[in-house]
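Taken in order, these protein sequences are the chains called A, B, C and D.
Residue numbers for the first sequence follow numbering that gives the first Met the number 0, beginning at 0 and rising by one.
Residue numbers for the second sequence follow numbering that gives the first Met the number 0, beginning at 0 and rising by one.
Residue numbers for the third sequence follow numbering that gives the first Met the number 0, beginning at 0 and rising by one.
Residue numbers for the fourth sequence follow numbering that gives the first Met the number 0, beginning at 0 and rising by one.
Think of the hints as simulated: they come from the structure by calculation, not from any bench.
Just so you know, not all the hints are guaranteed correct.
[What the hints assert, rightly or not] DEER-style ranges, computed between Cβ atoms: (1) C:Leu34 <-> D:Gln475: 24 to 34 Å; (2) D:Phe70 <-> C:Phe26: 31 to 41 Å; (3) B:Ala81 <-> D:Ile468: 29 to 39 Å.
Since this is a predicted model, take the numbers as computed values, not measurements.
The C-beta atom is built at its ideal place from N, Cα and C for all residues, glycine as well.
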Amino acid sequence: MFLAEEAGATVAAGWFLEHAWLIPVIPAVSFAIIILFGKKLPMKGAEVGIASMMAGLVLATGLTYQWIVHVRGAAEAEPVIKSWVWWQSGGMKFGLGQHIDGLAVMALLLVTFISTLVQIYSVEYVRDDRRYTHFFAAMTLFSAGMLAMVSAENMVQFILGWEIMGLCSFLLIGHWWEERANSEAALKAFLTVRVGDIGLLVGVAILFGASGTFSISGINAWAVSGQPSHSVLLWAAIALFIACIGKSGQFPLHTWLPDAMAGPTPVSSLLHSSTMVVAGVFLVARLYPVFHTGLDINVAGQQVNLIAVIGGITILIAAALAFVQNDIKKVLAYSTVSQLGYMMMGLGVGAWVPAVFHIFTHAFFKCCLFLCAGSVAHTGSHHSFDMKNDMGGLRKKMPITFGTWMVSTAALCGLPLVSGFFSKDEIIDGAKHNNYTVFFVIGLIGAFMTTAYMTRATYLTFFGKARGAAAGEHAHADDHAHAADAAPHRVEGSASDEAQRVSGQSEAEASHPRQQGFGWATESPLLIVGPLLILATLAIFSGYLNAAPFHIEKFHHWIESSIGVSLPEAAEFEWINAIPSITLVAAGFLVSLFLCRAVFGEADSKLKGLTERSRLLGAGHRFLVNKYYLDDLYEKVIVHGVAHPIAQAAYWVNQHVIDATVDAFGRGGKRTGDWVYKNIDQRVVDGAVNGTGAAARGTGGALRPIQSGKVNQYGALLFSAAAIGALVLVIVNT
Amino acid sequence: MLVNNFLLLGAVLFCIGVYGVIARKNAVMVLMSIELILNSVNLNLLAFNQLWAKDNPGHVDGNTFALYIIAIAAAEVGVGLAMVLLIFRNRKSISLDELSEMKG
Amino acid sequence: MEFIRDQNWLLSLGTFLPLAGVLFMLFIPKKNELLQKQIALGTALATLGVGIYTLTQFDYGKSAKLQFFASTEWIPVIKSGYTIGLDGISLPMYVLSMIITVLVMIYSWQHIPSPGNPKAFFILMLVLQVGMAGTFVAQDLILFFVFFEIVLLPMYFMIGVWGGENRQYASLKFFLYTMFGSALMLVAFLALFYKTGAQSFSIPYLIEHGGSIAKNTAIWIFAGMFVGFAVKVPMFPFHTWLPDAHTQAPTAGSVLLAAILLKLGTYGFIRIAIPILPQAALKWAPAIGILAVIGIIYGALGCLAQTDMKRLIAFSSVAHMGFVMLGISTLTATGINAALFGMVAHGLITGMLFFVAGSVKERYHTLEIKRLSGMLLQMPKMGWILGFCAMASLGLPGLAGFWGEFPAILATYSPAPGLSVELFRTLMVIAAIGTVLAAGYLLWLFQRTAFGNVSPEFAGNGNGHAHSVGAAANDEHHGTDDIHDVNIFEWLAWTPLLVAIVVFGIYPQLMFKVFDPAVTEMVKVFGK
Amino acid sequence: MIAAVSHLGTVLAAGDFTSPRVDYHALAPEIVLAAGICAVLLIDLFVGEGRRWITSTVAGFVLLGAVIPVFTLGVIGSDIRSMFDGRYVVDQFSLVLKALFLLVGYVVVLLSTNEIEEGGYYQGEYYVLLLSSVLGMVMMSSARDLVSIFVALEFLSIPAYMLAAWRKRDAKSNEAGVKYYLLGVFASAIMLYGMSLLYGITGTTKLTELGAKITATGHFRGAEALAVVFVLVGFAFKVSAVPFHTWAPDTYEGAPTPITAFLSVASKAAGFVALVTLIYVAFPQAKDVYQPFVWVISVASMTVGNLLALRQTNIVRMLAYSGISQAGFILMPLAVAGTGDSAESSLRAVVVYLIIYAAMNLGAFAVVIAVSRKTRSGEITSFGGLFSYAPGLGVLMTIFMASLAGIPPLGGWFAKFGAFKAVLEAGNGWGYSIAIIGAVNAVIATAYYITVMREIWMKPVPDGDITPIRTPGAVQAALVITAAATIVFGVLPGLVSRYGNLTDLTGAFGR
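Bound-form chain A, shown alone:
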C-alpha cells in the first residue's frame, strides 16, 4: 500500500466503521472491470455493477448498525476518521481517507441502497441498448464518486468525488448522444455545474489558505473556534454556496436540471433526483459550521440569509414551473428542484436535522416517482413522456405502478403520516420556530403548490381517457419514441438512432399483444415493479425514524453529532402548528383536482381553453410555459418587437445575469473569443510581429540607392564619410 497512514487519532470502533473506505473503492474497481471486460461478460457488465452495489449496501448496512451502537455507546459520538497521505508538496499534505459520522453513514446507506435498486431496474429498462455496458460502467463510476465524496475525509477528496459525479452526469445525460439535443443538454449540465465549481475551487482554496488544512473535521473545528476572521468565513461560505447552487440546481443555476431529463429515466431517478443533486445540500450540511458562522445563521434578529433566500426562491419558481409541463419527467424534475429548495431553506433557517432528514426521505419517494414515470413510459406510453398526448387512464392497466406512484406522491406532498410530512413540516416548523417568518410562509405556499401540480400530473397520467400511445395509436407514438429521451427539445432523430432504439421497442410490443381499439399498455415486468414496491414502502415508513408527532427522534440522535454547531432546540411538535400546512395541502389537492377535471376531463366545462380566452391567465400561463423566459426571452422579445423599457431591462437581466451562465459559454464566450482572436490576436499582436519584418525589408529597399553602381559616387561617399568623420572627431576632441 503506497499510502502511508497518517498518525491520526482514530477511535477504536467496529470493523465496518474502520473499513468504511472500502465502500467507494469497490465500485471504483468494478468500474474498471466493466470498462475493460464488460462486453465479454454474460450480462454485459450489469452483474458486476449490481454486485458491487450490493456489496456496498451490505457494508453500508453493517456500518449503519455499528454506528448506531457507536452512538449509543458514546454520549458525544466521535466521528471515525482515517487518513492516508496521498501526496505532499511543499510541506502541505494531501490525504485520502474517511470521515465517518452520522451524516456520512446516512448518505452511504442511501446511495448504496438507491443505486442497487436503480441498477436492477435498469437491467430491464435499458435492455438491448447499444451502449448497455457503457451505461452500467458510468452508473457504477458515479456511485464510486458519490460514495467517495460523502465519506470524504478532506476537501480534496470531496472535490474528487464531486467532479467525477459531474463527469458521469455528462456521460449519462448524453447517453443517447446521436441526437444533438441530448449532447447539448449534457454539455449544458456539465458547464452550468462547472460554473458553480469555480466557487468550490476558490472556496476550498480560501479555507485551506486560512485554516491550513483540508480535513473536514479540522475545518469545522476551526470555523467554530472563533479565531478565523468573519470576513474569511463569509467569503468562503459564499464561494462554496455558489458551488451548491450549481450542483443542487438552485435558482438561478437551476436551468440545467430539467434539460438533464434527456438522460435515460434510471439516470434521472438516481443522479438527478435522489443522490447527485443533493450533493450541494450535502456540502452545506457537511461544512455547516462554516456557513452557520459565515452567514450568521440563527443570529438573533436575522430575517434572511443567502442560503434561505436562494432556497426559498427556488421552492416557488420551480413549483410554479411544474404546473405547465406536459412532460411527466419535467414535472418531477421541477418538483425535485423545489424540494432541494426546501432542503436549502431548512439549512438556511437552522433546521439542520429536518433538512438532512428530508434528503433521506425525499430520496426514496422521488426516486420511486421517477421510476414510476419510467415504468409508464416503458410499457404504458410507448417510450413517450408526454402526459397530455400519450397518457391517461393508465391506473387500470398498470395497477402496481399506479399504487406506488400514489404513495410516493402522498409522501412528496407531505400528507400526514407518510415520510414527506415528517421531514418537510419539520423544516417549515423550524423556519417559524427560528423566526424566519418569510420562509415559513414560503414553505407553506410551496406545500400548497406541490400538492397542486402533483395532483395535475397524477390526473393526466392515470385518470381520464387514454390518449395517444397509451391508447395504442402506434404511428403517433413512434415519433415520440425518441422525442421522449430527446427532451427538452423535440428534435427529429437520425435514421441510425431510430433504428437502434426501435430494436428496443420491437420486442416490448411483441410481449404485449395489442387489443383492438384500446391501448396495449400493461404492467411492467418484475424487474421494474420490484424496486417500485420497495421504494414505495420506504416512502411511507422511512419517515418514522424521526417522527416528531410520536416523539421518535432516533435519526436525530444518530446524526446530530455531525452538525458541528449548537443550534436552537427544535420546537416541541404540536398538531396545531401542522394544521396550516395540512389544510393547504388538502386545499391544493382539491383545487387542482377540480381544475384538472374541468380542463382535462371529458365533462364539458367553461374552464376549458380558459388560457386561450383570458388574456391575463393566458399571459401567466405563457410566462410559466416559457420558464419565465429564462432560456429564451431573447427570441420572444425580438420576435414581438417589444421595445418596452421594462422588457428591455428584464431581457438584459435575464440574458446577462440569470441565464448568462450557459449563454456566456455558448454564445457570449464564443463571440468574445471570436472577437479577441480576430481583432487582438490576429491583427494587433500578430500584426506587430509581421509588421517589423516588413519594415526591415522596406528600409532595405530604401537603402539600395546607395549602391548606385557609379564609381564616382562611391568615391564621393567614401571621401565625404571620411571627411565628415574626421571633422566631427576633430571638433569633438579639440
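Starting from the known structure of chain A, arrange chains B, C and D on it as the hints suggest.
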C-alpha cells in the same frame, strides 16, 4: 616657417585630386587625380622630413617613405592603365558611368 | 552546494547517444527506409534505456542535490565549463523527453507526412532529442544556451518541410521569434556573468553569488531572461508563433513541441531565472502572474474562436502554460511544484491530443470541427480516447491535468511573502474561471466531433475494420475507405501516455516526491 | 680617380653602416612564398599547355610548405622575434594570422583549380598573383611600421585588383576589377595622406614610437585626429565597413567566385590585422578618436549590411552584404578596445571571429561554386530543392548558413558570443548600446540566411532537373576542411579560443 607652405601646397593638391576622383568620368583622368593625391603625400613627407631632420641629421624616414610611395605608385598606375585598356577593348569606352552594370 | 559525482558518465551518455544513431544513419543509403527507421528507433530505445537506468540510479533521498554531476573544462577563455547534473527538478523532464521521442518515432513509423524521406525525418528527431535532453541536464549557462538553441533548427525543418499548407511562414515565424528571445537571453547571461565578478557561468556558482548583484541591475537582467524564456513558453503576448507552428507542424512535430519544447521555457524560469535572481523574481512575479492569467483567459477565448481542431488544441496550450506560469509566479514550493507537475501533465495530455488530431486528420483529411461528427460511431476507440484526453485536459480530478491546476490555484491564494496578496487572490479567482472556459471549449470540441451522427460526407463505411494506412495523405481525396479505428502503431505509441495520465492522476506523489525536495530547497530564499 | 676611390673609401670608413641582423627562421614563411612564386612562374614557362594544372598543385604545396615554419615557430615558443629595429615583428599574434592566411590561400587554391582550368585562363599567372597577394598578407601580420604596413597593403591589393578582373572577356569582371582598383587606390591614397600627417606630427613611422608620441601633450591637435581617421579609413575600406563598403557587392559579384571568396575572407582579415595593429600599438592614446569612429562604422555595417542583404536575390551579392554585416560584428569589440580591461578580450574576440568567419564563409562559397557548376546561376532560387537531389551539399550549406547566423553548436555562435562578451565587459554605455544593437541585428541576419535554407529544404527544384551534382575532388576537400572547422570550432570553442588567447601579445607589440 617654411614647412607650412609645402603643407599648404600638399593640401591643395590633395583637394584637387579628391575633386578629380569624384568629378571626372574618364578613367584615365581619375587615375591622374589619384596620382595627384599621392604626390601631395610625397610633398608632405619630404617637407616633414626636413622638419625633423633639422635637429637630428641623418633622419631620412620621410624620404624613404616617399621613395616607396613613388615606386608602388608606378606599379599601381601600371595595373590601372592595363585595366583601362581592358575595358576599352571590351566596350570601346573608358567612361566610368557606363561601368554600372552591377548595382543595388 | 555539494554534488553527487558518482557515475558522472551517465548523463553524457544519455544525452549524446542519439548522435551515434545519426552517424550510422548518415552512411546508410536513403533507399533503405526500413533499416533507417530501425536504427533510429533502436537508438531512441537505447537512449530511453539509459534514461530508465538513470531513474533507477537516482538517489531520491537526495533529490535536492545535483546527481551524476560532471564538470570539465570546455571553453576556458570564457570560464565556461562542460557542467552537467541532474536533480529532482530536471529528472522528470529529462526522462519524459526520451519517452516522447520513442513514442513519436513509433507513431511516425507509418505516418511520415509528405514529402516522405524518413531518413532526414528521423535524424532530425534524434538531433532534437540531444538538444532537449541536454537542456535539462546542463548546469552551465553557456552549455544550456547551446542546447537550448540546438533544438531550433531540427524543429524548424520539421515544420517547414513536413508541415501543412502554410508551413514556411509558420516555421520562419517560430525560428525568428525564438532567435529574438535567445539573443536577449544571451546578453542577459553575459551581464549576469560580469555582474557576479566574471568568475564562472556555472549555474550553482551563480546561484550562490547571484545575491551580489545590485537590485536594479538584477531586474534588468531578469527582464532579458524573461523575454527569452517567455517566448519559448509561450506567454502572452509572445505566443503568436505557437498556433501557427502547432497547426502547421506534422503530428510528430506538434507532439514534441507541446510535450517538451514549450517546457524549455518554463524550465528555464525554474532552473535559472528564479534561483539566481530571487530578488528580481520577487519584483517580476506580479507581472508574470498577470500575464499568466491573461494567457489563461486569452488562450481559452482563442480556443472558443477556433474552427480547426488542431489550432484549438494549440491555443489550449497557451492557456495551460498560463497555469504553469501562474504557479511559478507565486514563488512558493506549492506553486512551483504545481508548475512542474503541470509541465509534465500538459506534456502527456496535449501531446496525446495532438496525436489524436494527427490521426483524425489522416483519416478524414480535415480538422474542420464543423465537418467532423459522430466519430464515436465510426471510430469508437479513437473517439473515447479523444474524450478521455479532453477530460484530462480540462482538469478532471483523478487524471493528471488536475494536479497541475488545482495546487497552482491553491498556491495563488497565499503567494510568497512580499507579494501582494490581494492581487494574487484576484488572479486566483480569474484562473478558476479559466478552468470553466477550459471545460467549455474542450467539451464543445468533444461534443461536436465525437457525438452526433456521421456527417454524410464521411458516412457509408463500416467502422472498425482496419485498412492499410497511406503514408502521405492527399487532401483532395475525401474517400471514407481509410476511416478506420486506432491501428497497432497508434496503440503502441499512445498506451504509455494514456496509462501515465491515469497513473499520475491517481498517484501524483510519484512525481511530487521527486522534485518537492529540490523545490523546497530552492524557495527557501523567499522564506516560504 | 685615385681621389675618387679614396673618397669612396673614406665614406665607407666614416659611414657607420651595419647590415641588419636577419632572423631567417622568422622570415621563413615569406621566403618560402617568394621562392614558390618564382617556382610557379618558371613552371608556367616550361610546362606545356596541357599540364598547367601542375601550377595549381605546386601553389598548393607552396602554401602548405609555408605553414610548416609557422608551426615550428609557434612550437619553439612565444619569444617575440623582432627585426629591423622592431619594424617587423614575428609574435604569436602574427603567427596565428599567418597560418590563417596561408590556409585560406590553400583552400582558395583548392576552389580555384577546376574553375580556372575549365575557364581557360592563364593558370600560371593566376597562382602567381594569388601567392603574392597571400605573401602581402603574411607580411601585413608582421608589419609594425607605417611603411611596411603600406607596402604590405599594396602588395596584397595590387594582385587582388588583377585577380578581380581575371575573367578578361567578361564585362562584369572588368567592371569589378576597375571599381575595386579605383576605390582601393583612392582609399589608400587617403590613408597615405593620413600617414604623412602622422609622420609629420610624431616624426617617426615606427608604430611603437608613434603610440608613445601621439597626443603626448595629452589633448588632441586637429591634425592628429584627422590623421588617425584618415588612416583608419584606409583599412575600413579593406574590411568593407559601411560607408566604405560600396565596392564590395559589385566586385564580389563580378569577380571569379574563388577570388570573391578570397577577397571576402583573406583581404578582409588582412585589413583587420592592420586595424588591430594600428589600434593597439599606434593609437592606444587616441581611443577618444578611434572608438567612436569604429562604433559608428560597426553599427552602420551591421545594420545597413543586414537590411540590404534582405533584398538580395543573387547569392554572391547576398554573401557580400552578409560579409559587410559580419565585418560590423568583428569591428564591434574594437569599439571598446581602449576602455577598461576589455582590451584583451576585444583582441581575442576579433582574432577568433576572423578564424571562424574564414572557415564558414569559405565553406559557403565552396558550396556556391559546387552548385553553380550545375545550375550555372547565381540566383538564390537556383538552390531550390537542393536537399532533394544533393543532400550532402544541402546539409553543408545549411551548416554554413546556420553558422553565419550564429546558431549553436556551429562556430558562428562562439564568434558572435566573443564579440558580445567583449563589449559587455567594457561595461559602459557604448558597450551596452552596441550589444543591444548587435543582438537585434543578429536576429535580422538570420532572416536572410534562413531564406537560403528554405530554398534548399522547402522549395521545389526550379528546373525539374535533379541530376545529382558531381563535385570535383578539390572542392570536396575544401568543403570537408571548412565544414570540419566550422563544426569543431562550434562544439569545442576551446581549441580556437586557445589560438585566440593572445594575452601575452598585447604586450608583445611593444618590442
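Structure-based check of each hint:
1. C:Leu34 <-> D:Gln475: 24 to 34 Å: Since the Cβ atoms of C:Leu34 and D:Gln475 sit about 26 Å apart, the hinted range of 24 to 34 Å holds.
2. D:Phe70 <-> C:Phe26: 31 to 41 Å: 33 Å, holds
3. B:Ala81 <-> D:Ile468: 29 to 39 Å: 36 Å, holds
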